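A.B. asks: Sequence:
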Amino acid sequence: MKVSWEEMDQYKLKPGQRDYCAHLLIPLIKCQRANAPFAGHLCDSERSAWDKCEYDDYIMRIKEFERERRLLMRKQRKEAMAAA
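For what it's worth, the numbering used here labels the leading residue of the sequence shown as -19, then goes sequentially.
There's no promise every hint is true.
To be verified - BS3-like cross-link-like pairs, simulated, lysine-lysine; straight-line CA separation at most 25 Å:
hint: 1; residue 1: Lys(-18); residue 2: Lys55
hint: 2; residue 1: Lys58; residue 2: Lys43
hint: 3; residue 1: Lys32; residue 2: Lys43
hint: 4; residue 1: Lys(-18); residue 2: Lys43
hint: 5; residue 1: Lys43; residue 2: Lys55
hint: 6; residue 1: Lys32; residue 2: Lys10
hint: 7; residue 1: Lys32; residue 2: Lys(-8)
hint: 8; residue 1: Lys(-8); residue 2: Lys10
hint: 9; residue 1: Lys(-8); residue 2: Lys(-18)
hint: 10; residue 1: Lys55; residue 2: Lys(-6)
hint: 11; residue 1: Lys(-18); residue 2: Lys(-6)
hint: 12; residue 1: Lys10; residue 2: Lys43
hint: 13; residue 1: Lys10; residue 2: Lys(-6)
For the record, the hints were derived by calculation from the structure and aren't laboratory data. As the structure is a computational prediction, the values presented were derived from the model and not from experiment.
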């Protein structure tokens, strides 16, 4: 992780936010606090960077899951062929 636990505690990140992209969420929170009433418009670049990181992380996890599933199925096929 690119952010320390102390920084995550300082910005009061929830357990679901303490992931690989927390290093991009902290600048977004800073921007939202600095531009409180207009945060939606003034923090677009920070929001986009964080959203892209979350999306890329999700895609990577899905790919890893599918790879593990295919390897397990392959192992089971080989064991079944060896037993037959």
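A.B. asks: CA of Lys32 to CA of Lys(-8), is that 25 Å or under?
C.D. replies: Holds, at about 22 Å.
A.B. asks: Between Lys10 and Lys43, does the CA-CA distance stay at or below 25 Å?
C.D. replies: Outside the cut-off at roughly 32 Å; violated.
A.B. asks: Starting from Lys(-18), check that the Cα of Lys55 is at most 25 Å away, please.
C.D. replies: Roughly 36 Å separates the two Cα atoms, so the pair is violated.
A.B. asks: Does the alpha-carbon distance linking Lys(-8) and Lys10 stay inside the 25 Å limit?
C.D. replies: Since the Cα atoms of Lys(-8) and Lys10 sit roughly 12 Å apart, the hinted pair holds (cutoff 25 Å).
A.B. asks: Would you check the hint for Lys10 and Lys(-6), treating anything up to 25 Å between C-alpha atoms as holding?
C.D. replies: Answer holds: Lys10 to Lys(-6) is near 16 Å, not above 25 Å.
A.B. asks: Is the hinted pair Lys(-18) and Lys(-6) satisfied, with a Cα-Cα distance of at most 25 Å?
C.D. replies: holds, 16 Å
A.B. asks: Mind checking the alpha carbons of Lys32 and Lys10 for me, to see if they're no more than 25 Å apart?
C.D. replies: Holds, because 18 Å separates the two Cα atoms, which is no more than 25 Å.
A.B. asks: Run the distance test for Lys(-18) versus Lys43: straight-line Cα separation, threshold 25 Å.
C.D. replies: Within the cut-off at roughly 22 Å; holds.
A.B. asks: Given the hinted pair Lys55 and Lys(-6), is their alpha-carbon gap at most 25 Å?
C.D. replies: violated, 39 Å
A.B. asks: Measure nothing beyond the straight line between the CA atoms of Lys(-8) and Lys(-18); if it is 25 Å or shorter, mark the hint as holding.
C.D. replies: holds, 16 Å
A.B. asks: Hint check: Lys43 vs Lys55, CA-CA at most 25 Å. Holds or violated?
C.D. replies: holds, 18 Å
A.B. asks: Taking 25 Å as the top limit, are the C-alpha atoms of Lys32 and Lys43 close enough?
C.D. replies: Holds: Lys32 and Lys43 sit about 16 Å apart, inside 25 Å.
The structure fails to meet hints 1, 10, 12 from the earlier list, while all remaining hints are met.
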